[in-house]
Amino acid sequence: MAGCTNFFLSVFDYKTEKYVIAKNKKVGVLFRLFQLGVLAYIIGWVFLTKKGYQEKDDSIQSSVITKLKGVALTNTTDGGLHLWGAEDYVIPSQGESVFFIITNFIETPNQRLDYCAESIKVPDGHCREDSDCTEGETVIAGHGIKSGRCVKSTGTCEIYGWCPVEKHHKQHEVLLEKAENFTVYIKNFIRFPKFQFSKSNVLDTNNDTYLKRCMYHDTHNPYCPIFRLGDLVNWTGHSFQDMAAKASGGAVGVLIQWNCDLDKDYSKCNPVYSFTRLDVNSNNSVTSGYNFRYARYFKDTAGLTYRTLYKVYGIRVDIMVTGEGVFICDMILLYMMEKSTFYREKKFECAKYDSLRCRRNKDIERKMPHKERAPKRKATWKGKFTELSTEKSTALN
Amino acid sequence: MAGCTNFFLSVFDYKTEKYVIAKNKKVGVLFRLFQLGVLAYIIGWVFLTKKGYQEKDDSIQSSVITKLKGVALTNTTDGGLHLWGAEDYVIPSQGESVFFIITNFIETPNQRLDYCAESIKVPDGHCREDSDCTEGETVIAGHGIKSGRCVKSTGTCEIYGWCPVEKHHKQHEVLLEKAENFTVYIKNFIRFPKFQFSKSNVLDTNNDTYLKRCMYHDTHNPYCPIFRLGDLVNWTGHSFQDMAAKASGGAVGVLIQWNCDLDKDYSKCNPVYSFTRLDVNSNNSVTSGYNFRYARYFKDTAGLTYRTLYKVYGIRVDIMVTGEGVFICDMILLYMMEKSTFYREKKFECAKYDSLRCRRNKDIERKMPHKERAPKRKATWKGKFTELSTEKSTALN
Amino acid sequence: MAGCTNFFLSVFDYKTEKYVIAKNKKVGVLFRLFQLGVLAYIIGWVFLTKKGYQEKDDSIQSSVITKLKGVALTNTTDGGLHLWGAEDYVIPSQGESVFFIITNFIETPNQRLDYCAESIKVPDGHCREDSDCTEGETVIAGHGIKSGRCVKSTGTCEIYGWCPVEKHHKQHEVLLEKAENFTVYIKNFIRFPKFQFSKSNVLDTNNDTYLKRCMYHDTHNPYCPIFRLGDLVNWTGHSFQDMAAKASGGAVGVLIQWNCDLDKDYSKCNPVYSFTRLDVNSNNSVTSGYNFRYARYFKDTAGLTYRTLYKVYGIRVDIMVTGEGVFICDMILLYMMEKSTFYREKKFECAKYDSLRCRRNKDIERKMPHKERAPKRKATWKGKFTELSTEKSTALN
Numbered sequence: 001m002a003g004c005t006n007f008f009l010s011v012f013d014y015k016t017e018k019y020v021i022a023k024n025k026k027v028g029v030l031f032r033l034f035q036l037g038v039l040a041y042i043i044g045w046v047f048l049t050k051k052g053y054q055e056k057d058d059s060i061q062s063s064v065i066t067k068l069k070g071v072a073l074t075n076t077t078d079g080g081l082h083l084w085g086a087e088d089y090v091i092p093s094q095g096e097s098v099f100f101i102i103t104n105f106i107e108t109p110n111q112r113l114d115y116c117a118e119s120i121k122v123p124d125g126h127c128r129e130d131s132d133c134t135e136g137e138t139v140i141a142g143h144g145i146k147s148g149r150c151v152k153s154t155g156t157c158e159i160y161g162w163c164p165v166e167k168h169h170k171q172h173e174v175l176l177e178k179a180e181n182f183t184v185y186i187k188n189f190i191r192f193p194k195f196q197f198s199k200s201n202v203l204d205t206n207n208d209t210y211l212k213r214c215m216y217h218d219t220h221n222p223y224c225p226i227f228r229l230g231d232l233v234n235w236t237g238h239s240f241q242d243m244a245a246k247a248s249g250g251a252v253g254v255l256i257q258w259n260c261d262l263d264k265d266y267s268k269c270n271p272v273y274s275f276t277r278l279d280v281n282s283n284n285s286v287t288s289g290y291n292f293r294y295a296r297y298f299k300d301t302a303g304l305t306y307r308t309l310y311k312v313y314g315i316r317v318d319i320m321v322t323g324e325g326v327f328i329c330d331m332i333l334l335y336m337m338e339k340s341t342f343y344r345e346k347k348f349e350c351a352k353y354d355s356l357r358c359r360r361n362k363d364i365e366r367k368m369p370h371k372e373r374a375p376k377r378k379a380t381w382k383g384k385f386t387e388l389s390t391e392k393s394t395a396l397n
Numbered sequence: 001m002a003g004c005t006n007f008f009l010s011v012f013d014y015k016t017e018k019y020v021i022a023k024n025k026k027v028g029v030l031f032r033l034f035q036l037g038v039l040a041y042i043i044g045w046v047f048l049t050k051k052g053y054q055e056k057d058d059s060i061q062s063s064v065i066t067k068l069k070g071v072a073l074t075n076t077t078d079g080g081l082h083l084w085g086a087e088d089y090v091i092p093s094q095g096e097s098v099f100f101i102i103t104n105f106i107e108t109p110n111q112r113l114d115y116c117a118e119s120i121k122v123p124d125g126h127c128r129e130d131s132d133c134t135e136g137e138t139v140i141a142g143h144g145i146k147s148g149r150c151v152k153s154t155g156t157c158e159i160y161g162w163c164p165v166e167k168h169h170k171q172h173e174v175l176l177e178k179a180e181n182f183t184v185y186i187k188n189f190i191r192f193p194k195f196q197f198s199k200s201n202v203l204d205t206n207n208d209t210y211l212k213r214c215m216y217h218d219t220h221n222p223y224c225p226i227f228r229l230g231d232l233v234n235w236t237g238h239s240f241q242d243m244a245a246k247a248s249g250g251a252v253g254v255l256i257q258w259n260c261d262l263d264k265d266y267s268k269c270n271p272v273y274s275f276t277r278l279d280v281n282s283n284n285s286v287t288s289g290y291n292f293r294y295a296r297y298f299k300d301t302a303g304l305t306y307r308t309l310y311k312v313y314g315i316r317v318d319i320m321v322t323g324e325g326v327f328i329c330d331m332i333l334l335y336m337m338e339k340s341t342f343y344r345e346k347k348f349e350c351a352k353y354d355s356l357r358c359r360r361n362k363d364i365e366r367k368m369p370h371k372e373r374a375p376k377r378k379a380t381w382k383g384k385f386t387e388l389s390t391e392k393s394t395a396l397n
Numbered sequence: 001m002a003g004c005t006n007f008f009l010s011v012f013d014y015k016t017e018k019y020v021i022a023k024n025k026k027v028g029v030l031f032r033l034f035q036l037g038v039l040a041y042i043i044g045w046v047f048l049t050k051k052g053y054q055e056k057d058d059s060i061q062s063s064v065i066t067k068l069k070g071v072a073l074t075n076t077t078d079g080g081l082h083l084w085g086a087e088d089y090v091i092p093s094q095g096e097s098v099f100f101i102i103t104n105f106i107e108t109p110n111q112r113l114d115y116c117a118e119s120i121k122v123p124d125g126h127c128r129e130d131s132d133c134t135e136g137e138t139v140i141a142g143h144g145i146k147s148g149r150c151v152k153s154t155g156t157c158e159i160y161g162w163c164p165v166e167k168h169h170k171q172h173e174v175l176l177e178k179a180e181n182f183t184v185y186i187k188n189f190i191r192f193p194k195f196q197f198s199k200s201n202v203l204d205t206n207n208d209t210y211l212k213r214c215m216y217h218d219t220h221n222p223y224c225p226i227f228r229l230g231d232l233v234n235w236t237g238h239s240f241q242d243m244a245a246k247a248s249g250g251a252v253g254v255l256i257q258w259n260c261d262l263d264k265d266y267s268k269c270n271p272v273y274s275f276t277r278l279d280v281n282s283n284n285s286v287t288s289g290y291n292f293r294y295a296r297y298f299k300d301t302a303g304l305t306y307r308t309l310y311k312v313y314g315i316r317v318d319i320m321v322t323g324e325g326v327f328i329c330d331m332i333l334l335y336m337m338e339k340s341t342f343y344r345e346k347k348f349e350c351a352k353y354d355s356l357r358c359r360r361n362k363d364i365e366r367k368m369p370h371k372e373r374a375p376k377r378k379a380t381w382k383g384k385f386t387e388l389s390t391e392k393s394t395a396l397n
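Residue numbers (the UniProt record's numbering), protein chains in the order written: chain L, 1 to 397; chain R, 1 to 397; chain F, 1 to 397.
It should be emphasised that the hints constitute simulated quantities derived from the structure, not laboratory data.
Careful: at least some of the hints might be erroneous.
The list treats identical chains as interchangeable, and a pair is accepted whether it falls inside one copy or across any two copies.
[To be verified] Below, simulated DSSO-like cross-link-like pairs (lysine-lysine); rule was C-alpha separation at most 30 Å, straight line: (1) LYS67 - LYS311; (2) LYS212 - LYS268; (3) LYS25 - LYS212; (4) LYS194 - LYS25; (5) LYS311 - LYS69; (6) LYS69 - LYS121; (7) LYS56 - LYS212; (8) LYS311 - LYS56.
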């Protein structure tokens with residue numbers, strides 16, 4: 001019964017750690033220097049340098065629209081003079097963030113569905129006699145379905161497919177010579193949804209001719225959104241001519257980074273562009289290039305379909321947008337963080353017996369009506385609470 | 001030798017912090033209230049409100065398929081009556097998450113590769129005499145390659161290119177008037193790979209006509225995946241007619257957010273749609289619109305190529321999917337967290353000398369065979385371990 | 001005045017927590033075991049297993065290029081024999097990370113802009129008399145604009161549109177039978193920008209024929225980047241034939257995961273592929289498939305436009321790349337972490353009075369010139385700093 005009451009009473013006792021104080025100036029100064037260091041770290045590094053009081057939004061919303069300008073003339077034995085505009089050499093034409101620019105091409109005009117010999121370049125199409133060409137079988141990595149006959153003149157199976165089959169000759173010069181001078185206009189709109197902040201990489205300017213004349217350069221003109229294709233490739237550390245001609249194409253990444261401190265002025269939030277070649281391996285050896293095929297279909301007067309097949313080589317550009325915006329966080333939290341630092345400093349109260357301060361403590365003590373007067377001390381005591389508990393103990397003893 | 005043994009023995013001493021207890025009810029109650037507050041915070045806020053026991057998966061996998069419906073009739077002086085279906089006005093046609101809808105267009109039919117005068121709108125094409133037009137030079141931002149002659153009638157260089165060159169007249173009315181009524185069906189499949197959870201934004205319903213008749217509305221019909229294009233644009237806070245006609249196009253973002261508590265019922269995990277205009281600057285001024293060109297190629301009976309060039313204006317829609325799923329985390333961890341809170345509460349044992357409890361402590365002590373009996377105490381002592389060490393010390397003294 | 005000086009002096013006092021030591025071997029061993037456990041956890045789990053000393057880069061940059069190979073022959077009553085190559089059955093043709101493969105199609109050739117009866121399948125086009133067909137009104141979910149007349153023979157309104165209207169018959173067999181054997185070559189280049197690390201999923205090999213012959217298999221050949229389309233679909237747990245024929249299409253996700261420990265050898269950083277069906281609901285019921293329409297435009301000798309409309313069904317493949325790279329972090333931080341663990345171990349100095357060690361302490365004390373000699377002890381004391389403060393207190397008492 002008495003135990004229960006005791007237990008219940010003791011629930012409301014206040015327990016705290018006991019501190020000891022060393023009146024050693026050397027150690028004390030070191031200790032204070034350490035505390036100052038922690039404080040300086042928190043205020044200087046976390047708050048001022050790293051801006052720990054700011055809220056971060058890394059869920060950037062981005063929309064990229066691209067537009068290419070420039071024309072190039074090609075002169076091939078098959079096709080003669082041909083003028084290429086952006087509507088032809090950019091695929092897809094609608095200005096997406098990933099696009100392909102044709103620099104070389106192989107044209108196979110007037111293909112019709114018919115029977116003809118498979119290309120000698122296709123291993124599975126080789127034959128010596130008709131029995132090597134099973135009728136109805138697909139030529140692996142080939143151009144059609146085997147008809148069952150072996151064409152002696154070429155040593156390949158006869159196939160049903162688009163005839164004549166594509167010529168497998170490799171281009172050694174850039175057909176679209178002027179491709180280096182094409183310009184890429186990148187419009188990038190971003191939004192930090194948390195802060196309702198929108199911005200574009202195109203400067204708000206009243207000067208209409210600015211966008212017509214400017215050209216991006218990382219130091220001279222870092223905010224112009226128009227890039228010369230040749231420069232854009234060269235900035236990756238690879239030569240445009242090598243990529244377009246020898247390597248028959250490649251993939252280039254344009255990285256747009258928006259790291260914005262939204263506490264600062266609107267005009268200080270600007271993108272930083274960087275350029276990398278994407279299709280490289282560790283030893284910087286490039287892979288076999290980038291090409292694909294597409295066809296244009298026509299109908300003759302009899303209504304029969306024929307087509308022109310294009311195998312195109314070129315440069316693929318991937319525009320990748322990353323970024324984060326920071327903004328001052330809730331004042332309440334900020335206030336709490338300030339307080340807590342302050343509080344931590346104030347937490348370790350005077351615990352050492354010393355004439356002036358402990359006299360004050362004793363005076364406070366005396367004014368508390370519900371507490372017994374402190375007895376004459378025999379033992380050492382180290383602070384207010386230690387003292388109280390000491391009294392109690394000695395009393396019980 | 002003895003020192004070594006002593007050191008070795010002392011390795012297995014148990015060190016703990018020393019506590020003092022204040023038998024002050026006011027402070028004690030405050031202290032307990034503070035502890036209760038921390039406990040309430042952990043249980044109420046971290047566990048119940050913030051669901052701290054749940055695991056998060058923010059690597060949402062998403063696939064978006066779109067389909068547009070609706071037809072529009074245009075009547076131009078050049079082309080006459082023309083009916084536009086989704087196969088024509090949506091680019092690309094395969095229903096991707098980023099697509100473009102034509103609302104206006106300028107058609108330049110029957111272009112052939114030939115020599116003709118450059119457009120008067122191109123500054124670099126202006127000339128006074130033949131020497132202004134260097135043969136073989138590209139007209140900057142123009143339509144072809146200079147032939148070296150100056151066409152007096154227009155005051156521009158003669159070029160080799162697709163002739164006649166595109167007419168630069170601006171549209172002032174929306175040609176595809178009915179574009180506002182086109183419907184966009186957005187199928188969005190998501191997956192939280194960590195929890196093997198899949199869902200679609202299309203309701204599982206046995207009612208076949210539901211999808212044929214419903215139309216999304218943020219309050220009346222928030223789960224219908226079919227959107228009227230005009231509404232979709234207007235919900236961004238911009239007028240469809242303004243965007244499509246005056247501003248000659250724009251970009252709209254449709255954000256689908258999946259924030260799912262997977263502890264709840266499957267039917268509670270639903271997407272929230274929001275709509276923003278992407279091509280705006282801070283002052284909400286819109287940029288110059290969105291357009292691009294594409295061409296359709298034909299061959300005449302003689303096998304010569306000609307084409308129809310389209311410059312199309314319109315609305316680009318970017319569908320962006322974000323989201324995260326939360327699910328109850330490992331029971332072991334949960335158990336551990338519960339235990340640790342429990343443990344923390346239990347950690348601060350009775351350390352104050354008080355008749356009942358410390359008598360128990362002494363009894364326990366007596367039962368330990370390897371320990372000397374506690375001597376009569378002279379000094380104060382504050383707890384079990386303090387007591388033990390005190391005994392030892394006095395014994396050694 | 002004296003108070004001020006006292007306060008100023010006391011600022012440089014060193015405060016620390018007071019420890020007590022229990023010379024109880026059982027408790028001591030338990031305590032050491034607990035400490036060893038914590039240490040083992042930190043070293044074994046955090047450092048060795050979880051590699052807590054490594055820095056993480058989860059902002060992977062990725063570029064995906066795809067290429068399909070294979071041909072298929074179709075034989076339809078309308079179109080006769082037709083050979084499909086990758087340039088036809090892959091949309092878009094430029095090898096993006098999201099692409100569509102045609103497996104079935106409905107061809108509507110020779111459509112011209114004209115007046116004809118609406119399809120019976122369109123509910124809004126049904127009519128009994130001319131007044132049911134308001135002139136100039138769009139047929140909802142239909143193919144054109146009502147002309148105002150009702151065609152008695154079909155019971156539908158006459159429309160102006162592309163005539164004849166598309167046939168609404170459903171395919172029940174896979175037209176591109178061989179689609180299962182198409183191969184998908186996925187080139188994936190990744191980069192961890194923080195560590196300047198690039199890699200491709202295509203092995204660096206001198207064996208030219210490796211890529212020509214290999215075929216991906218999760219156990220036999222996990223690093224070959226060429227996938228058989230049928231396998232790719234079947235690995236999602238759904239049958240290719242079902243998806244391509246019965247369900248008339250679907251969407252498949254190919255997830256490429258790069259989780260690389262860049263401390264290890266370059267060759268150890270390899271992608272892991274996984275395959276999921278994206279267009280499923282919770283009950284694994286598939287949705288109505290995936291289809292879209294596109295048209296090819298032609299001009300007749302009179303210059304009039306006609307077209308062939310294709311409604312295509314098929315399989316959409318979304319290639320998603322995720323990953324993170326880890327690398328050993330700053331040596332300074334690592335050193336600090338090691339030190340702090342070391343320091344924590346060293347922090348709790350001998351605090352117990354014991355002949356050897358405390359004699360050493362006293363010796364050190366004696367050598368400090370600015371400190372009074374330790375008095376003969378009467379009371380117990382527990383450590384260096386306690387002792388010092390005790391001295392001071394007794395002195396002041």
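- Task: Mind listing which of the numbered hints don't hold for this structure, in increasing order?
- Result: 3, 4, 7 and 8
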